[in-house]
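Engineer: Construct the entire structure; sequences and hints are all you get.
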Amino acid sequence: MEFDIKKYANLARINLTKEEEERFQKDLEELLGHVDELKKVNVSSVEPMTGGTNLKNALKDDSPERDELFNTQFPSVQNGYLKVPKILDKDKDEIS
Amino acid sequence: MKYLKKQKSLSEISDSLKRGTLKVSELTKEHLNRIEEIDEQIGAFLNVDKNGALAYADQLDKEIESGLEVGPLTGAQVSLKDAILLRGLPSTAGSKILRDYVASYDATVSERLKEQKVVFLGKNNMDEFAMGSSNENSAYKLVKNPHDIERIPGGSSGGSAAAVASGMVTFALGSDTGGSIRQPAAMCGVVGLKTTYGSVSRYGLMAMASSLDQIGPITTSVKDAALVFRAIAGHTDKDGTSYPNLGYSEDISILNEEKTKKLKIGVPKEYFGEGISDEIKESVNTVIDFYRKEGFEIKEVSLPSTKYALPVYYIVMPAEASTNLARYDGLRYGTRGGEEDVLVTYMRNRGEGFGPEVKRRIALGTFVLSAGYYDAYYLRAQKVRAVISQEFEKVFEDVDVLITPTTPTTAFKIGEKSGNPLEMYMSDILTIPANLAGIPAISIPVKGREDKLPIGFQIMGKHFREEDILSLGMYYER
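Sequence order for the protein chains is H and V.
Numbering-wise, the first sequence is residues 1 to 96 according to the numbering used here.
Numbering-wise, the second sequence is residues 97 to 574 according to the numbering used here.
These are computed hints drawn from the structure, not numbers from a lab.
Since this is a predicted model, take the numbers as computed values, not measurements.
Be a bit skeptical, because a hint or two may be false.
[Claimed, not checked] Across the chosen pairs, the derived CB separations fall in these ranges:
#	chain 1	residue 1	chain 2	residue 2	range
1	V	N147	H	D36	51 to 61 Å
2	H	F70	V	E122	31 to 41 Å
3	V	R388	H	T17	33 to 43 Å
4	V	D374	H	V46	43 to 53 Å
5	V	T419	H	F70	19 to 29 Å
6	H	E22	V	R545	40 to 50 Å
7	V	T382	H	D36	35 to 45 Å
8	H	K40	V	K365	15 to 25 Å
[Unchecked claim] Covered by chain V, per the in silico footprint, the following chain H stretches (three or more residues, Cβ under 8 Å):
#	stretch
9	2 to 9
10	19 to 31
11	39 to 52
12	63 to 70
13	76 to 87
Just so it is clear, CB atoms sit at the ideal spot from N, CA and C, and this is done for glycine as well.
Structural biologist: In structure tokens:
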């Protein structure tokens with residue numbers, strides 16, 4: 001089985017406990033076994049359904065709306081802006 | 097059955113308000129008392145806005161006294177699934193990661209209901225981020241089925257269905273990605289409508305799987321579902337998948353018997369197969385017999401790819417959910433630790449903030465979208481989804497609507513399936529296909545089960561033909 005829970009939880013940026021790792025590995029292997037059913041369907045001439053509609057290019061004005069209630073949701077604020085930890089670091093320019 | 101309560105329909109409320117024999121504030125107090133009396137046992141609410149509801153009810157009474165025209169939804173007592181935003185109220189989607197979040201804007205559906213002058217009583221408990229079929233995945237508390245409090249109410253809109261069934265609200269709005277309105281409605285003995293994809297704006301609904309999610313009403317009657325649907329459907333430019341020019345009839349809640357009797361009913365045999373309990377099959381067959389005796393044309397049809405709906409769903413849904421839930425990164429919402437490495441912040445906040453089912457689905461979604469597996473899983477699932485959708489189109493050349501059971505079993509015991517995800521996922525095998533195809537579907541309680549656990553039958557219709565499934569449902573309940 002190619003599925004490795006640690007790898008994908010890490011890609012999804014989620015810490016898992018040891019118990020969770022073991023449980024999810026088992027649950028998802030079982031589920032992936034079930035979805036293998038799909039290999040039986042002949043889809044060679046089928047176009048994929050990529051969404052729920054065939055609408056294209058729904059455009060609207062992109063005007064920001066924010067007020068006091070919006071800003072108070074931020075866990076950390078400086079001068080009315082959302083404050084986040086340093087994201088880019090030239091000594092450590094890759095997060096794996 | 098002390099948790100069940102018959103309550104006023106929308107037309108009874110609006111008629112009494114017009115005649116002046118009812119005050120909105122009386123009705124609101126009655127419903128708030130009901131919540132206070134039983135919700136500690138049921139667990140349908142995560143948040144009750146008592147003061148806001150009472151103040152607005154008083155204001156409405158004054159407006160009615162000074163001549164406000166009473167509309168079909170005026171004064172209705174309403175709750176929203178906690179994933180639907182209502183400005184000023186907490187909105188957690190049943191998750192710890194949003195425990196401190198307060199909505200700073202209204203969902204389109206909330207705006208539309210405000211225009212209709214409903215009274216919002218609060219926000220309903222749900223499976224975390226709408227992931228679940230029993231409401232056991234709420235990070236806060238269980239919801240109990242009002243028909244038997246040792247049983248689950250269904251999910252993920254379990255709080256909404258339980259609130260309606262127990263008389264705490266006139267109606268509620270839920271969301272349905274793979275059955276999350278219809279399945280709990282069936283298990284709680286109420287009506288649940290999953291609307292056509294693109295007919296009701298998703299703006300302000302926390303997204304789970306964007307190509308499948310739809311908002312819809314949970315009500316005590318099909319007629320009420322039609323009235324609420326008419327109020328919330330419509331185009332908005334705030335949702336790029338919202339259809340323009342929907343053209344729904346103003347009279348969608350009025351039954352035209354003659355027109356309804358012309359609808360051709362299909363019965364897809366795959367929905368009565370393995371895994372569906374005998375009790376459910378027999379019960380839904382009584383409904384089909386009813387329509388046959390009434391002179392409807394009924395035909396057995398086949399949707400051979402139905403068995404692939406569940407595996408398709410468990411690829412498409414987690415793929416979209418893993419993408420949508422990337423926004424809960426611990427930076428923008430909720431609480432955060434001290435200044436530290438951003439990766440540590442992400443990993444910790446998401447690890448602690450999400451519950452097991454959410455983490456399981458995000459990991460799965462990340463896998464099926466990852467390099468090397470995308471074609472084998474995600475792309476293939478999208479193709480099989482197209483096959484399922486085309487089968488519906490083909491069958492709808494022949495018949496107008498399809499009747500099936502809504503769920504494979506009646507409400508099960510709390511804890512009965514929570515240890516086995518795959519078994520839990522099977523609860524949605526009859527409802528998922530409508531989401532994959534984007535068609536409308538409604539669950540309606542089978543009559544004559546007063547002392548038994550409720551069973552729902554499902555009517556599916558063509559895209560944007562809510563009118564067909566609603567009229568057929570009103571014909572049954574008339």
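Engineer: State for each hint whether it applies.
Structural biologist: Comparing the hints with the structure gives:
The hinted range of 51 to 61 Å is satisfied by N147 of chain V and D36 of chain H, whose Cβ atoms lie roughly 54 Å apart. The supplied range of 31 to 41 Å is met by F70 of chain H and E122 of chain V, whose beta-carbon atoms lie about 36 Å from each other. Separation of R388 of chain V from T17 of chain H is about 56 Å and departs from the stated range, judged on CB atoms against 33 to 43 Å. Separation of D374 of chain V from V46 of chain H is about 36 Å and departs from the stated range, judged on CB atoms against 43 to 53 Å.
At about 23 Å, the CB distance of T419 of chain V to F70 of chain H agrees with the hint of 19 to 29 Å. Look at E22 of chain H against R545 of chain V: about 42 Å separates their beta carbons, and that is inside 40 to 50 Å. Between T382 of chain V and D36 of chain H the beta carbons are some 38 Å apart, a value that agrees with the proposed interval 35 to 45 Å. Remark: the range hint 15 to 25 Å for K40 of chain H to K365 of chain V is upheld by a beta-carbon distance near 20 Å.
For the stretch 2 to 9 of chain H, the stated coverage by chain V holds: 5 residues have a C-beta nearer than 8 Å to a C-beta of that chain, and at least 3 were required. Only residues whose C-beta sits within less than 8 Å of a C-beta in chain V count toward coverage, and the stretch 19 to 31 of chain H has 7 of them, enough to reach three; the restraint holds. Coverage of the stretch 39 to 52 of chain H by chain V holds [criterion: at least 3 residues with CB-CB distance below 8 Å; count 10]. Three residues within the 8 Å Cβ limit are the bar, and the stretch 63 to 70 of chain H against chain V gives 5, so the coverage statement holds.
Figure legend: the stretch 76 to 87 of chain H, annotated as covered by chain V; annotation consistent (6 residues with Cβ-Cβ distances under 8 Å, at least 3 required).
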